[in-house]
Amino acid sequence: MNKNEKMEEQMDLALRVQRALLPARLPDTFPFSFHFGFEPCEKVGGDLYDVFDMGRGYCAFYIADVSGHGIVAAMLTVFLKQAARAYLKNEDYSPSRILSYIYEMFNELGLEDDIYITMFFGVLNTNDATITYANAGHNCAPLLYDGITVRELSLPSVPICRWFTRPGYKDRKVQMPTGSRLLLYTDGLPDCCAVFRDPENVKTRLFEAPTGEALIEDLLDTVRREEEPSGRRDDIAILLLEREYDYCTGRAQQEG
Numbered sequence: 203m204n205k206n207e208k209m210e211e212q213m214d215l216a217l218r219v220q221r222a223l224l225p226a227r228l229p230d231t232f233p234f235s236f237h238f239g240f241e242p243c244e245k246v247g248g249d250l251y252d253v254f255d256m257g258r259g260y261c262a263f264y265i266a267d268v269s270g271h272g273i274v275a276a277m278l279t280v281f282l283k284q285a286a287r288a289y290l291k292n293e294d295y296s297p298s299r300i301l302s303y304i305y306e307m308f309n310e311l312g313l314e315d316d317i318y319i320t321m322f323f324g325v326l327n328t329n330d331a332t333i334t335y336a337n338a339g340h341n342c343a344p345l346l347y348d349g350i351t352v353r354e355l356s357l358p359s360v361p362i363c364r365w366f367t368r369p370g371y372k373d374r375k376v377q378m379p380t381g382s383r384l385l386l387y388t389d390g391l392p393d394c395c396a397v398f399r400d401p402e403n404v405k406t407r408l409f410e411a412p413t414g415e416a417l418i419e420d421l422l423d424t425v426r427r428e429e430e431p432s433g434r435r436d437d438i439a440i441l442l443l444e445r446e447y448d449y450c451t452g453r454a455q456q457e458g
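Our numbering applies: residue 203 is where the sequence shown begins, and numbers increase by one.
Because the hints were derived from the structure by calculation, they are not lab data.
All clues stand as given, with none of them false.
Calculated lysine-lysine pairs in the DSS-like style (CA-CA distance at most 27 Å, straight line): (1) K372 - K291; (2) K291 - K375; (3) K283 - K375; (4) K283 - K372; (5) K372 - K405; (6) K405 - K375.
Based on the provided sequences and hints, a complete structural model is requested.
The structure is reproduced here in C-alpha cells:
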C-alpha cells in the first residue's frame, strides 16, 4: 500500500467514525419531536448534531461545525460529543456553562489557532415548554416559528477557540407554544445553495411546510436540485424541533 492509498484509507476510516457519531434515532418527547437531515460532502467534514434525553422532562440538543475538513475535523467531532455528554452527567443544564466547559477542554488540546468550533446548544424543558440556549459563534442563527411569525435567535458570541481567555457565553430563554418550530442548520445550506443565502427564503419554508419531516425534505431536495455547479464543498446538517398539537385530547397542550 503506497502513501496515497494509506491516506485514503485513513480518511475513509475518519469518515465512518464521523457518520457513526450522528444519532440514528432521536428521543420521542411528545408533544415535542425532533427531526434531522444530513447531506455529506465528499471530504470529511466537521458538522455534528445530537439530542439526548436527560430525564425529568429535559432534553439537550446542539448543532456544531468544526472548521476545516479531514481527520482533525472528524476527531474533534468525537471530542465534542464526549465533552458535552460528560458535562451533562453533572446535571447542570445551563447551556452557557456547558459551552464554557467545552471551551476549556478544547484549549487544553493545544491545537493550532486556526482550528475552531461553532456550536449552538439548547436545553428543552418539556414541563414548562421552554428552551434555554447559548451560542458559541454559530453564525447561522436558529429560526423560531411561534405559529404566527418567524424570528432569529441571534446571540452574538465567539466560537470555541484559542483566541480569548474568557468567552463570556450567556443563557437566553424562549417559549415553545403549540405549533411552533425551531430550525437549526449549518452554513453548508447557504454555502451550497444560493437560494438559501437569503434567510427570508428559509423562513418562508419554515412556516409553510405541513410537517417537520416535509420541511427538511424540502430543504434538502432544493439543495440537490440547485446546488452550485462546482459541487458541495461542505456538509449540510439540519436539526428541527417542533411542538405538535395534541390530537388525542383535542386541545392544545397547556402552555408553561
